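Peer 1: Take a look at the letters that make up each chain.
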Amino acid sequence: MLFYYIKLAIYSLKRTPLLSFLMISTISIGIAATMITYTVSYMMNKDPIPSKSERLFTVHLSTWGIDNMYRMRDGKEEIPVFVTYQDAMNLYNAQKAPKQTIIGSYKAMTRSSEQPVKDATSTYIRSTTYEFFEMFNTPFIYGSGWSASEDEEGAQVVILSKKRNEKLFGGQNSIGKEVLIGGILHRVVGVFDDWPLIPRFYLEEFDALTEVRDMFVPFRTQMNNEWVASKDSSIYCWGEFELSDFHSVINSECVWLYFWIELESAEHRDEYLDFVNNYAQEQRLLGRFQREQMNRVLDVNESINHSNVMGDDSKVAVWLAAAFLFACLLNSMSLMMTKFHGKGGEVGLRRAIGASRQDIALQFGLETFIVGLLGGIIGLGLANLGLLVTAEVYSHLNAELMKMNIEIVITTLLLSIVTSTLFGLYPIYRACKIEPSSQLKSL
Amino acid sequence: MLKMRGVAKSFITDTVKTQALHPFDLEIQQGEFVAVVGPSGSGKTTFLNIAGLLEEHTEGQYFLDEKETTGLSDKFKSSLRNQKIGFIFQSFNLIPELNLFDNVEMPLRYRDFSAKERSERVLNALEQVGLAGRKSHYPQQLSGGQQQRVAIARALAGSPSFLLADEPTGNLDSKMAEGIMSLLKDINKQGTSILMVTHDMDQAQQASRIVEIRDGYLNEQKVAKTA
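Chains as they are written, first to last, in my numbering: chain Y, 1 to 443; chain E, 1 to 227.
None of the hints are false.
Estimated spans, in silico, between C-beta atoms of each pair:
#: 1; chain 1: Y; residue 1: A399; chain 2: E; residue 2: K75; range: 52 to 60 Å
#: 2; chain 1: Y; residue 1: Q358; chain 2: E; residue 2: E56; range: 17 to 25 Å
#: 3; chain 1: Y; residue 1: L330; chain 2: E; residue 2: Q190; range: 50 to 58 Å
#: 4; chain 1: Y; residue 1: D193; chain 2: E; residue 2: A115; range: 51 to 59 Å
#: 5; chain 1: E; residue 1: E97; chain 2: Y; residue 2: L330; range: 23 to 31 Å
#: 6; chain 1: E; residue 1: E120; chain 2: Y; residue 2: S438; range: 33 to 41 Å
#: 7; chain 1: Y; residue 1: L330; chain 2: E; residue 2: R214; range: 46 to 54 Å
#: 8; chain 1: Y; residue 1: M1; chain 2: E; residue 2: R214; range: 41 to 49 Å
#: 9; chain 1: Y; residue 1: R15; chain 2: E; residue 2: T58; range: 33 to 41 Å
#: 10; chain 1: E; residue 1: T13; chain 2: Y; residue 2: Q358; range: 28 to 36 Å
#: 11; chain 1: E; residue 1: A115; chain 2: Y; residue 2: Y429; range: 26 to 34 Å
#: 12; chain 1: Y; residue 1: L330; chain 2: E; residue 2: D112; range: 37 to 45 Å
#: 13; chain 1: Y; residue 1: Q358; chain 2: E; residue 2: E66; range: 24 to 32 Å
Calculated directly from the structure, the hints in this document are not laboratory data.
Computed from a predicted model, the values in this text were never measured in an experiment.
Backbone N, C-alpha and C define an ideal beta-carbon position, used for all residues, glycine too.
Using the sequences plus the hints, can you model the full thing?
Peer 2: As structure tokens, then:
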């Protein structure tokens with residue numbers, strides 16, 4: 001019987017091609033608009049590292065002066081997401097967590113040793129410690145992260161992104177090859193594989209949707225070379241400082257480094273916070289940390305929420321798109337009413353020759369299902385097209401944001417089928433209520 | 001086969017009661033050919049709808065093959081219509097996007113027949129009306145008379161107890177109408193009862209009994225046999 005109803009549904013769609021086209025396209029446009037905004041929002045909000053998002057924490061410290069508040073946010077005092085060089089080093093050297101890492105940033109001219117000087121490009125570089133790669137499950141196609149000893153001595157080593165490796169070395173295994181960073185030779189020790197981490201939670205909100213940086217070097221190497229580019233990275237200061245002077249910056253209260261830890265389990269969080277507060281008290285005795293202490297350790301999802309990566313605008317956009325889908329479905333419902341009304345004669349005939357109301361409901365229900373399925377499939381195509389265009393327009397954002405995963409593909413089809421069937425219920429109910437005796441002269 | 005006792009139908013609209021059919025008794029035996037005549041608006045269609053279980057009567061009892069039909073559920077009545085009654089309409093009521101085979105097969109789809117049995121029944125029914133060779137044609141490719149033959153095949157395919165024909169020749173010219181009447185008489189001779197509503201007294205005279213409905217009253221007429 002199911003195949004019979006499918007056959008009837010296809011005949012019925014063919015019989016009124018314009019109505020069928022309008023119904024399917026109305027649903028597909030609504031589905032596409034909703035799924036474009038939903039995809040971006042979903043990719044922004046999903047847990048980027050589910051295996052350990054409850055065990056990875058970032059540390060925020062209340063380092064601002066007694067008369068200087070860092071800033072206000074939503075009517076409350078806010079503390080920075082960055083820490084100072086001296087705090088980063090103190091926390092790192094304390095080794096209180098099983099793993100901890102410092103994350104910094106700078107910019108330099110870079111090229112491979114085989115390239116002429118004119119081919120050098122200005123590159124944003126990420127500096128960090130050797131623990132970073134294991135903590136954040138970084139994928140490598142060649143090599144690996146640098147060693148603890150290379151980290152300690154500040155070796156001239158570099159890890160390339162897949163993209164940069166393709167640009168500099170044609171995608172070949174480049175381990176052992178040399179790259180010039182700021183005129184200093186660095187040996188390639190690893191090449192990342194694709195690393196579509198969304199959001200890039202270990203960074204602040206402005207950077208969280210960008211792609212991975214093209215070069216990673218040891219933090220100690222950056223420090224040994226005295227590279228602190230205040231113009232090229234986020235740096236917030238109070239007290240006495242001279243941004244152009246490396247030593248002034250690292251001894252100042254300027255904050256510019258991320259500090260992340262990995263604990264054995266989420267239960268150890270309070271223990272670590274106690275350590276951080278004790279550290280703050282010690283510093284207070286030395287004349288620092290004079291404000292009321294608001295130190296905190298945030299896990300991955302708390303950190304994402306705090307950064308407000310999603311932003312209120314995108315939430316509004318999702319709601320608007322859902323409202324648009326609702327309007328499209330109402331439209332499609334009225335088209336279905338018209339269509340099923342036009343089939344009153346056929347309903348009357350089928351009822352007369354033995355179809356029960358249930359049979360009629362099944363027949364039209366399946367037709368609605370097929371309309372929803374076709375609307376979903378076309379909507380999926382349109383949504384992917386829309387995401388491609390969006391990715392082109394917002395080329396500075398991580399392209400993975402604009403890609404549907406299998407869950408979203410299935411959600412799209414289900415959403416289309418379920419909503420169109422739901423909105424088809426009333427027209428179907430009306431069709432089932434048709435009295436056969438009133439229609440038999442109208443076929 | 002069909003027994004009505006004190007059956008009546010009234011409508012109540014805005015506190016006004018309209019008696020469409022006054023209480024009547026009627027009995028039709030297996031193999032009878034009964035014509036129902038009467039002027040427009042007399043209650044013929046209401047009578048036919050009640051007989052065909054398409055409308056509920058408001059008084060009395062209606063037995064179909066000894067089965068009381070009053071107050072049955074929609075599902076049960078649908079199943080009774082499917083198994084016991086074959087409908088033939090004035091305007092043929094064929095589905096234009098289905099070919100003849102699929103049109104005739106329609107009532108069988110609501111019964112538990114295997115595909116093979118359905119196919120056999122459809123081909124037999126088409127054979128009976130002389131259209132077996134055109135099973136893949138579509139209704140619009142046929143003449144009015146041929147379309148009505150398909151509708152008759154559809155009514156016969158499920159081997160019903162009786163055929164309910166509502167002005168079966170109303171949309172046909174006299175030659176085609178003659179052909180259809182002749183076909184109906186043949187079917188009747190093979191044992192299928194027929195209840196036919198008609199305006200045409202000549203056709204009514206060809207039935208074994210005539211029932212007249214006038215102003216909602218049902219009366220039996222004597223048939224003056226012409227043949």
